[in-house]
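> Spelled out from the first residue to the last, the chains are:
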Amino acid sequence: MIQVSNLSYGAAGNPILQNVIAEIPAGRVTALIGPNGAGKSTLLKLIARQLTAADGSIRMDGMDLAQAAPAQLARKMAVVAQHLSVASRVRVRDLIGFGRWPHSAGRLGPADHAAIDGAVELFDLGDLQQRFLDELSGGQRQRAFIAMAYAQDTDWLLLDEPLNNLDLHHARNLMAQLRHLAEEQGKGIVIVVHDLNYAISWADHVVALRDGQVAFQGPVSETATAERLSELYQTPVAITRLEGRVIAQYHR
Amino acid sequence: MADLAAQAAAAPRRWLLLAAALLVPLALVSLLVGAGPLPLGTLLSDPQALQVLAVSRIPRTAAVLLTGAAMAVAGVIMQLLVRNKFVEPGTTGTSEAAMLGLLAVTLLAPGAPILLKMLGAAAAALAGTGVFMLLARRIPPHQVLLIPLSGLVYGGLLMAIATFIAIEGGLLQYLGVWMSGEFSGILAGRYELLWLAGGLALLAYFAADQFTIAGLGRDVSLNLGLRYGQVLGFGIVTVSLVSSLVIVTVGMLPFIGLVVPNLVSRLMGDNLRESLPVVAAAGAGLLLICDILGRVLRYPYEIPAGTVFGIFGAAGFLYLLLGRRAGG
Numbered sequence: 000m001i002q003v004s005n006l007s008y009g010a011a012g013n014p015i016l017q018n019v020i021a022e023i024p025a026g027r028v029t030a031l032i033g034p035n036g037a038g039k040s041t042l043l044k045l046i047a048r049q050l051t052a053a054d055g056s057i058r059m060d061g062m063d064l065a066q067a068a069p070a071q072l073a074r075k076m077a078v079v080a081q082h083l084s085v086a087s088r089v090r091v092r093d094l095i096g097f098g099r100w101p102h103s104a105g106r107l108g109p110a111d112h113a114a115i116d117g118a119v120e121l122f123d124l125g126d127l128q129q130r131f132l133d134e135l136s137g138g139q140r141q142r143a144f145i146a147m148a149y150a151q152d153t154d155w156l157l158l159d160e161p162l163n164n165l166d167l168h169h170a171r172n173l174m175a176q177l178r179h180l181a182e183e184q185g186k187g188i189v190i191v192v193h194d195l196n197y198a199i200s201w202a203d204h205v206v207a208l209r210d211g212q213v214a215f216q217g218p219v220s221e222t223a224t225a226e227r228l229s230e231l232y233q234t235p236v237a238i239t240r241l242e243g244r245v246i247a248q249y250h251r
Numbered sequence: 000m001a002d003l004a005a006q007a008a009a010a011p012r013r014w015l016l017l018a019a020a021l022l023v024p025l026a027l028v029s030l031l032v033g034a035g036p037l038p039l040g041t042l043l044s045d046p047q048a049l050q051v052l053a054v055s056r057i058p059r060t061a062a063v064l065l066t067g068a069a070m071a072v073a074g075v076i077m078q079l080l081v082r083n084k085f086v087e088p089g090t091t092g093t094s095e096a097a098m099l100g101l102l103a104v105t106l107l108a109p110g111a112p113i114l115l116k117m118l119g120a121a122a123a124a125l126a127g128t129g130v131f132m133l134l135a136r137r138i139p140p141h142q143v144l145l146i147p148l149s150g151l152v153y154g155g156l157l158m159a160i161a162t163f164i165a166i167e168g169g170l171l172q173y174l175g176v177w178m179s180g181e182f183s184g185i186l187a188g189r190y191e192l193l194w195l196a197g198g199l200a201l202l203a204y205f206a207a208d209q210f211t212i213a214g215l216g217r218d219v220s221l222n223l224g225l226r227y228g229q230v231l232g233f234g235i236v237t238v239s240l241v242s243s244l245v246i247v248t249v250g251m252l253p254f255i256g257l258v259v260p261n262l263v264s265r266l267m268g269d270n271l272r273e274s275l276p277v278v279a280a281a282g283a284g285l286l287l288i289c290d291i292l293g294r295v296l297r298y299p300y301e302i303p304a305g306t307v308f309g310i311f312g313a314a315g316f317l318y319l320l321l322g323r324r325a326g327g
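Residue numbers (numbering that gives the first Met the number 0), protein chains in the order written: chain D, 0 to 251; chain W, 0 to 327.
In short, the hints are calculated from the structure, not lab data.
There could be a bad hint or two in this list.
Unchecked claim - To give a feel for the contact side, a few chain W residues facing chain D, derived at Cβ under 7 Å:
hint : residue
1    : ARG82
2    : PRO139
3    : PRO140
4    : GLU191
5    : ASP208
6    : ILE212
7    : GLY214
8    : ASN222
9    : LEU223
10   : SER264
11   : GLY268
12   : ASN270
13   : GLU301
Glycine is no exception: its CB is placed at the ideal position from the N, C-alpha and C atoms.
Turn these sequences into a full structure, and let the hints steer you where they fit.
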């Protein structure tokens with residue numbers, strides 16, 4: 000479980016997160032939702048330790064993240080950033096191999112190669128593995144980075160808007176894979192998502208942020224109501240059912 | 000799939016073998032070409048020829064190889080740390096700052112031993128590079144050309160300060176010597192500092208993976224548990240020391256650090272574990288070709304290797320810039 004206690008963060012004098020208290024369950028898919036500027040990515044980056052909180056603390060499975068050693072943390076959680084700008088020419092397979100760095104420190108053993116092969120297969124990168132990152136499309140690159148995070152073999156996987164560059168097919172596949180990782184391997188998955196329907200149909204749990212504060216949180220089945228979502232986005236959201244699935248309707 | 004992987008694993012070795020195979024005959028040519036004749040047939044029976052070989056030709060060849068390799072390695076490290084393909088010590092103010100430091104030591108302690116001069120240059124280079132890194136951090140990474148351009152302006156500023164000080168102190172001819180890298184003055188006993196530069200390049204190889212990961216950005220580095228600040232620090236120190244050692248012993252050699260890593264990157268990518276030996280070998284080989292050309296073109300006079308490389312390097316730099324635009 001990730002416990003976020005009284006977390007505050009500001010940039011250039013503006014408060015971005017204020018007194019955030021949240022619990023993210025282990026072994027589940029949790030979606031961070033909310034309008035633009037609500038602080039979703041900031042919360043994710045604070046958990047990932049890419050940013051340092053002004054106040055408050057984050058504990059991951061009981062471990063205080065502020066105290067954890069970088070190497071220890073790298074075996075505990077893997078993070079896929081939102082903007083994957085790449086200036087260097089690295090092969091996809093080598094990139095995924097770097098995901099083994101926390102375990103191997105550069106000397107890839109049989110277990111590492113097995114993990115790399117597994118990641119290549121799971122994310123369907125067999126044909127691309129010898130290609131350079133700068134020769135890939137945005138979506139392919141995104142999959143390569145997610146495969147790297149998977150090869151890191153951590154209890155927690157954090158992804159900042161992973162669906163951004165993906166088409167319908169790959170977006171759906173990715174969510175299915177993340178679900179699979181949570182259900183079969185017990186990984187805790189935290190994702191920032193914009194598309195409410197992806198959040199509702201694939202996540203177990205939501206943490207909804209608005210203006211730097213938690214608007215509501217809890218299991219999707221309890222929290223994904225028309226009133227709450229309409230209030231959250233300040234936009235009419237209707238919840239309907241289609242072929243047994245809950246659908247949010249907000250397009251017009 | 001296994002075939003593909005094996006093929007990809009074999010490719011870097013092939014490039015390295017090719018580079019090494021070219022280096023050996025080049026080094027032999029370098030030993031035999033110079034103002035004084037050195038006939039192969041009587042070489043071993045002629046004590047004077049042997050002395051020329053030991054005092055001048057071997058040190059000179061070693062100096063060129065070490066300088067070329069170290070500068071190319073410094074360039075590729077700089078490119079990964081700044082995450083920009085168009086930077087090298089000559090376009091980030093590192094060389095100019097080193098010259099400022101060298102000037103300061105020469106002014107304040109004219110009789111200082113070369114090691115002290117080197118340290119003065121290195122300290123200044125370190126500070127100069129640090130300031131550039133802070134500057135570069137404020138430029139959005141997608142502004143690919145803005146970073147080297149700012150570096151050139153910054154380097155030009157440092158150079159202007161150095162020129163002013165040199166004029167006031169009557170040291171302008173020193174500045175001229177430091178600015179044009181050449182190897183004609185290299186003799187045994189006057190180039191050995193360069194082994195240190197070569198050693199630093201070798202040391203960098205042990206951190207090859209760290210540099211490659213740092214090249215993927217701060218967030219990826221932190222995610223993998225890398226101590227990003229330490230890698231950055233180690234890289235800046237290496238680049239500053241290599242640049243200072245080269246400037247103190249042979250003078251400034253621009254473009255090697257820029258052209259060589261870009262060439263190698265096109266052929267085999269930026270995974271330093273694979274490419275760093277090739278970068279070093281290619282830097283050594285290309286500089287040696289330029290030095291040999293410089294010795295031959297106006298025989299018995301010499302054109303500085305830095306000048307020859309500058310011509311090829313500038314053309315190569317333009318090609319990289321324009322090629323990039325054409326490729327989108």
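> Which of the stated hints cannot be reconciled with the structure, identified by number in ascending sequence?
The structure breaks hints 2, 4, 13; every other hint is satisfied.
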